[in-house]
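Protein chains: 2
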Amino acid sequence: MESENNMVELRKHPLLDCWVILNSERAKRPGSTKFPSIAKSGGSCPFCEGNEAITPPEVFVLRKEGLANGKGWRVRVVPNKFAMLQNGEKAETLSDGFYQSMQGIGKHEVVIETPLHDKELHDLEVASVAEVIFAFRERFRELKKSPGIKYVQLFKNYGLMGGGSLEHPHSQIVALPLVPKSAREEESAAKIFFDNNGTCLFCDMIRLEQGEAKRVVFENDRFLVFCPFAPRYAFETWIIPKSHASHFEEMDEADKDQLADAFKKVLMKIQNVLGNAAYNFVICTAPVQEAGKAHYHWRMEILPISSPIGGFERGTGFFVNSVSPENAAEILKEG
Amino acid sequence: MESENNMVELRKHPLLDCWVILNSERAKRPGSTKFPSIAKSGGSCPFCEGNEAITPPEVFVLRKEGLANGKGWRVRVVPNKFAMLQNGEKAETLSDGFYQSMQGIGKHEVVIETPLHDKELHDLEVASVAEVIFAFRERFRELKKSPGIKYVQLFKNYGLMGGGSLEHPHSQIVALPLVPKSAREEESAAKIFFDNNGTCLFCDMIRLEQGEAKRVVFENDRFLVFCPFAPRYAFETWIIPKSHASHFEEMDEADKDQLADAFKKVLMKIQNVLGNAAYNFVICTAPVQEAGKAHYHWRMEILPISSPIGGFERGTGFFVNSVSPENAAEILKEG
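For the record, the sequence lines run as chains A and B.
Every letter in the first sequence is one number past the one before it in my numbering, and letter 190, counting from 1, is 190.
Every letter in the second sequence is one number past the one before it in my numbering, and letter 229, counting from 1, is 229.
One thing to keep in mind: the hints can contain errors.
Identical copies look the same in the list; a pair holds intra-copy or inter-copy alike.
Said to hold, decoys possible - Dumping the calculated BS3-like pairs for lysine-lysine here, alpha-carbon to alpha-carbon at most 30 Å:
#1 Lys90 <-> Lys150
#2 Lys12 <-> Lys191
#3 Lys12 <-> Lys64
#4 Lys145 <-> Lys191
#5 Lys81 <-> Lys12
#6 Lys214 <-> Lys90
#7 Lys150 <-> Lys12
#8 Lys12 <-> Lys90
#9 Lys293 <-> Lys256
#10 Lys12 <-> Lys145
#11 Lys12 <-> Lys144
Calculated from the structure, these hints are not laboratory results.
Treat the numbers as computed from the prediction; the structure is a model and nothing was measured.
From just these sequences and the hints, can you work out the full model?
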């Protein structure tokens with residue numbers, strides 16, 4: 001970790017009524033801001049080529065050869081065997097007059113990013129990363145056909161500290177019967193901004209970040225990669241389309257290839273700099289049943305994990321981070 | 001973990017526009033809902049009796065003998081050497097026209113719960129737990145004298161998975177220059193409930209939980225202990241005063257002793273059932289500069305940690321839990 005002058009500053013997340021305490025002194029604590037390395041243990045794996053029978057049948061596949069649910073695939077999407085949510089009809093909200101509940105209806109799928117157990121997403125060729133992104137987009141398009149699905153959350157848990165329980169490279173897709181808290185909050189903040197300013201908050205942010213340049217890690221024709229002003233996590237990095245677009249799944253072929261280029265570069269940089277660290281990535285996008293929005297703009301967040309969430313974060317909904325985004329961007333740019 | 005019929009249900013947190021997916025099937029995943037045991041590594045410790053010179057000077061102490069910052073104490077509160085926030089005057093909000101920031105002004109203190117490295121909070125006698133709670137209350141009362149302090153967040157990080165970096169039993173207090181996200185959200189939900197119903201949401205919840213009894217773990221004269229309807233974490237447990245009170249620091253002597261009784265019992269039960277698990281506890285209370293509120297009601301949350309937060313929780317602000325509160329309460333009642 002590079003040193004920087006001691007800075008203690010609170011910064012407001014522009015979307016989430018959430019403040020981040022940036023404090024470089026905290027990096028001096030024993031054991032702080034270590035990014036534990038991922039080690040693979042091997043052993044039998046349900047996601048490896050040849051073990052297709054162990055998973056539920058595939059719902060999407062890119063294959064070079066072979067039959068459905070056999071060998072010869074490049075990217076494979078299957079229902080999660082331990083799904084968070086169940087198949088079913090429309091979820092109704094129930095109330096006992098005080099508490100509210102809802103049937104746990106929805107979908108939970110696993111995107112197996114490669115047949116190779118020992119490759120990681122960041123090791124793949126850009127063309128293979130583009131195929132993974134293609135699979136993501138196709139699943140969004142398919143899942144939104146079900147009118148009961150209000151939101152599709154795509155994420156990856158890499159490494160134990162990132163919540164990962166299986167080693168084989170995979171991402172997850174959860175199709176939910178309601179729009180989650182974070183998406184609602186983001187949209188509401190973005191709507192207020194739009195109503196006040198007549199512009200998309202994210203489009204303005206892109207212009208500002210490009211102008212200031214100090215938090216920019218990389219950009220190609222269609223995507224900007226930068227460390228956000230109020231990063232909740234050390235080395236938090238966002239990838240955002242430079243042209244306005246509210247829905248991830250409306251991405252075209254060129255977007256997909258450019259996103260693959262940016263995504264692969266950033267993952268490589270993060271792994272180079274942080275030494276095979278655990279991370280999550282999440283796609284923040286508009287609710288799938290709602291039409292294109294002038295005030296919302298999708299993005300991908302990459303969230304490296306240096307330490308578990310503690311009582312401060314759980315109690316307040318605020319975060320503490322010892323690496324400023326200006327410092328992180330400088331390190332990642334060179335990494 | 002006791003088995004229960006497979007249940008997949010979404011439940012809404014009554015305060016935090018946050019839904020929890022309750023799914024007992026998820027407990028069957030490899031490695032899920034394990035509560036890793038805490039092991040102590042020993043070695044030199046800044047919080048042990050005899051090492052008082054290593055910490056900043058104490059700001060509060062309960063002693064049986066000896067001089068300030070020497071041996072002979074029972075509970076000791078010191079500024080955190082690696083404080084999240086700095087001393088200073090009133091924090092001003094700054095804006096560059098787009099982003100907002102604020103000077104990182106506030107206090108961060110450590111409550112050393114016992115001079116004994118190898119005791120845990122749940123091992124202490126009830127009278128000693130009452131002294132720890134007394135220290136908490138006194139620090140709230142002192143910290144709120146500074147008008148720049150808008151909120152006091154008390155929490156404990158027990159075990160590495162709970163974000164704990166030092167083994168010696170301690171809690172932490174952060175005095176913030178603004179009211180955190182979670183407290184604002186809770187209060188806003190509670191205010192709406194009060195405006196609609198003319199009653200305190202929490203008082204109604206207490207009556208309902210006592211009536212239904214199925215989520216109650218324990219109660220004494222002044223406190224109810226129960227597993228909340230929409231627990232974000234397996235075995236999440238709340239301790240709440242049965243009489244209406246918005247501010248933790250307004251607790252009287254009898255409250256303090258009864259809270260110590262309830263707190264010690266619950267911590268013991270959790271440790272008995274989960275095998276020395278990592279946990280956080282947090283106090284959710286009203287902002288310290290604001291007068292008593294008819295619509296808000298303080299409580300303590302105990303949050304055992306079975307696995308790290310993953311991309312789903314980070315992306316959505318929702319949670320997945322494989323143990324229902326009804327099941328958890330039954331197990332804890334007997335534990």
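Status of the hints after comparison with the structure:
In this assembly of identical chains, Lys90 and Lys150 lie within 30 Å of each other by CA distance solely inside one copy; the values are 11 Å within and 44 Å between copies. Taking the shortest alpha-carbon separations for Lys12 and Lys191, both the intra-copy value of 17 Å and the inter-copy value of 24 Å come in at or below 30 Å. Within a single copy, Lys12 and Lys64 get their C-alpha atoms no closer than 48 Å, and across copies no closer than 45 Å, so neither meets the 30 Å cut-off. Within a single copy, Lys145 and Lys191 get their C-alpha atoms as close as 26 Å, which meets the 30 Å cut-off; across copies the closest is 38 Å, which misses it.
Proximity of Lys81 and Lys12 under a CA criterion of 30 Å is satisfied inter-copy only: 25 Å between copies versus 39 Å inside one chain copy. For the identical chains of this complex, Lys214 and Lys90 are inter-copy neighbours only, at 29 Å across copies versus 47 Å inside a copy, given an alpha-carbon limit of 30 Å. For the homomeric pair Lys150 and Lys12, the shortest alpha-carbon distances inside one copy (28 Å) and between copies (16 Å) are both at most 30 Å. Proximity of Lys12 to Lys90 under the C-alpha cut-off of 30 Å is restricted to the inter-copy arrangement: shortest distance 17 Å between copies versus 37 Å within a copy.
Taking the closest pair of Cα atoms, Lys293 and Lys256 come within 30 Å of each other only inside a single copy of the chain (20 Å); across copies the shortest separation is 52 Å, beyond that limit. With identical chains, the CA atoms of Lys12 and Lys145 are at most 30 Å apart between copies only, with a shortest distance of 26 Å across copies and 36 Å within one. Taking the shortest Cα distances, Lys12 and Lys144 sit within 30 Å of each other only across copies (23 Å), while inside one copy they are farther apart (33 Å).
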